[in-house]
Amino acid sequence: MVRVPAHGSQAGKGEHREKFYKLILLRNMATEVLTQAHHGAHDDHGHDHDHAHHESFIRKYIFSTDHKTIAKQFLLSALIFLFVGGGMALILRWQLAYPGQPLPLIGHLLSDSFVTDGVVQPGFFMQMTTMHASVMIFFVIIPLAVGFFGNLCIPLQIGTDDMAFPMVNMFSFWLVPPAAMCVMSGFFMDGGAAAAGWTHYPPLSVTSGAGHTMWTVGVFFAGFSSILGGLNYIVTVLNKRAPGMGMFDMPLTVWALFITAVLISLGTPVLASDLAVLFFDQFFHSSFFIPEGMLYADNVHTGGGQPILFQHLFWFYSHPAVYIMLLPLMGVVSDVMSTFSRRPIYGYKAMVFAMGAIGGLGFIVWGHHMFQSGMNPLLGTTFMLSTIVIAVPSAIKTFNWLGTLWRGSIRFSVPMLQALGFLTTFVVGGLSGIFMAAAPADVFIHDTYFIVAHIHYVLFGGSLFGIFAGIYYWFPKLFGRHMNEAWGQIHFFASFILFNLTFFPMHLLGIGGHMRRISDPTVYEFLAPFQDMNEFITLAAIGLGFAQLILVFNIIFSLKFGKKATRNPWRANSLEWACPSPPVGHGNFDRQIHVYRGPYEFSSPLTKKDYLPQWKKLEEKPAETPVTAQKTEAGESTKA
Amino acid sequence: MLEYFPENVSSIGIEHDHLFAIIYYLCVGIFFLVNITLVYFLIKYRRRRGVKAYYFHGNNLVEFTWTLLPTLLFAGLGFYSDDLWTRMKYQDAVPVADVEVEVLGQQYLWHYRYPGPDGVFGRTIPSLRSSENVFAIDPEDPAGKDDLTMSNVFYLPINKTIVVHLSSVDVLHSFFLPNFRIKQDAVPGLKIDVWFDCFKAGDYELACAELCGSGHYSMRGELRMLSEDAYNEWLQGKYDAILASIEQPAEAASADDMMDAGDEMSDGTEIVEEPTQAEQGH
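Chains G and F supply the protein sequences, listed in that same order.
1141 is the number that the numbering used here gives to position 447 of the first sequence; each next residue is one higher, with no gaps.
201 is the number that the numbering used here gives to position 216 of the second sequence; each next residue is one higher, with no gaps.
Errors might be hidden in some of the hints.
[Said to hold, decoys possible] Stretch-level coverage of chain G by chain F, calculated; a stretch enters the list once three of its residues show a Cβ under 8 Å from a Cβ in chain F: (1) 813 to 821; (2) 1083 to 1091; (3) 1139 to 1147; (4) 1214 to 1221.
By construction, these hints were calculated from the structure, which means they are not laboratory data.
All of these numbers come straight from a predicted model, not from anything done at the bench.
Using N, Cα and C, we set each Cβ at its ideal position, and we do this for glycine too.
In isolation and in its complexed conformation, chain G is listed as follows (with noise of 0.2 Å):
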């Protein structure tokens, strides 16, 4: 079955792999006997996907254990999320414009204890920028990055049928829901959801009302629902590949999701261990967080607590969260670049080790957060230093893009326009990190617009852009059709350039000193010249919003009329092209895959196509002159 090919391959390299494939094979077998056995009812153990499965439709198609279903069912909650997030942003925009006058439209449906007479109270506007952040990060861009990605690309693109731990990887969704209840619930009790930012600093965060204990809880789930996911995605990624694919084999996209799942699970953790303390000061009224002669409602604490703790274990995860929820779509960006310049990635294994380096360096910068937080000031100099020197990994990766783009031949369709969209705004959202990085120059800019500008450049227009790229590059693969090409381009144009209408200007309102967070910016007189702007940024803020709907009509009509899809429409060489569009039920592929090369051998010279499968198994006379071809892929290895 597995044979080393004669010549023209990476993949052979000697008896002993040979066996361990055999070994690897074997053992998917047994593994497929078992789940098989697992199922139980099923009779034919020959051709297992052509034949309906009798599986109940709850099973099927909600506590599914199929990779598959789970992806659709991250993608399907996100999206209803990214409105439930972008509504509330427009509210807060609105405020910001326009303090003081009755929201349109809904403002007279909403509860009297968030409005009077439709104008937003600045309890609820803080309430929104809370659930806004929290809801944007928690339940829809990780959800997104991190299981969406991880469920559509890890089984496939390593060539296998499943998770390693498919009912772990359900309960990973299934905790999703009942962690958006928790964090959601705070609109109906009384003082309202959390409010005390997505950062939730205590003491604010306990002593604010119950809606924040109960934000303490819901993201206390969403990181279970993570660190879940995280583990099933290390353990897959090790031991699951399909045999011939060493780990230098596999597409970035894996790598990123791979190095994001040792993040998750080294940081996430910290996080949960955080919430936990915090709900113990919130809940049973501790002191761990709540500081000697502390004043609150006319008492005096008398607890010893650390305010300043709670935000060193907090962003101990939350920085590394950011390459979390950007690292998977700087590999989903790199697979799209490569296969639409018909290219193989540039520096292949320099991309690998800067995400290594950016997930490495990740965990000892979290103190440029916290740079006017009050922690010893040296550590400033030190947080500065690590955090300066994280700009290289990005900056080595943006190269490596521009690399792979050079001498390319360059096909302008959508996931590739939604890619250099990303591109170009993950070099603005960098550079302005910069800006905070550098801790004096921070001072002035810390906790105004100009940070709000950086973190929605890098989390919208990157991460978000980069979703929107693999979601129209694999929308193919997971669901059969394609989506409509002309509205994607103008999903991508309107997005794009509401995008920059939206959030550059916030740059300009941050170097003009805006806090962020203040409901009515009228108060300041300094601030009163950037009024206009405000204004400015509102009505872009709302065509950005409105822009999102032709993604999501473009879902719905593409799941229904959308061109039917090939097995392989981009003609590119990882291995999810090798099985069916959509894969076939249980195991993905309908045939026995083996790799023989690396994920970016495009434009080849051992074939007459632009593109050379990883699966596909050359036979004698590739090209016209096998021989002088395996000497210029020699040569050109021994380069690399």
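Guided by the hints, dock chain F onto chain G, whose structure is given.
Below, chain F without anything else, positioned relative to chain G:
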């Protein structure tokens, strides 16, 4: 873009704006370099019939170069910035104060305390804090009886080194003086020294820059920077009122104090070290 900064009136602000401008021009340069390259590649290497993409996996020397250059550039920037950072924020680099004032944030207003005619801050005991005594001043300490406390608006002299002892009554706040390029979180249970100076008299806004509750947006204070004479006159008036309210029996002594209010200030600077050491013990 840089012209959007509010007017700067402090010496440290000049250095801040200088550093900010350096980073700004650096970033603008990189931005255009990357984006012009990108657009050039997108046009030049767009799909054309009969042109096959170049099969090439990359070059280690190139990777090494574009790793090393940004490392040197960014690390240089980091070491360059560090000098200003140490002078701005290091607690042992806080200069000797000409004028000291304690600032407390509370939902949603600012409290200020001057040492009073005796030039000494009264001792504080955190557990004594109450809404009547936000500074938690020990009533037993005679030095605390003449402390000058006020809210929202405060006054300071120009061309003097000012040290603010910053803390908070309840939750986190942040002491943000846009025109001075000063920002420091006020943390309950912790005293942090912030120093600045000012070369232009005028009224400046003090903002809270750390979310502190629903009224966060309204937590606005005012700082009136006065010329030295005007400041001394204002301070003398305040001392006058305090001494009158304490109703000391020896009226002659208080009259002396009032007359030499300016000298009292310089006396105050000599006693400065005491509270600073107390804070370091915190």
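Hint check:
1. Only residues whose beta carbon comes within less than 8 Å of a beta carbon in chain F count, and the region 813 to 821 of chain G has 5; three or more means the coverage holds.
2. Counting residues of the region 1083 to 1091 of chain G whose beta-carbon sits less than 8 Å from any beta-carbon of chain F gives 5, enough to reach three: the coverage restraint holds.
3. With 3 residues carrying a beta carbon less than 8 Å from a beta carbon of chain F, the region 1139 to 1147 of chain G meets the three-residue requirement, and the given coverage holds.
4. Judged by the Cβ-Cβ criterion of 8 Å, the region 1214 to 1221 of chain G is covered by chain F as claimed, because 6 of its residues qualify and three suffice.
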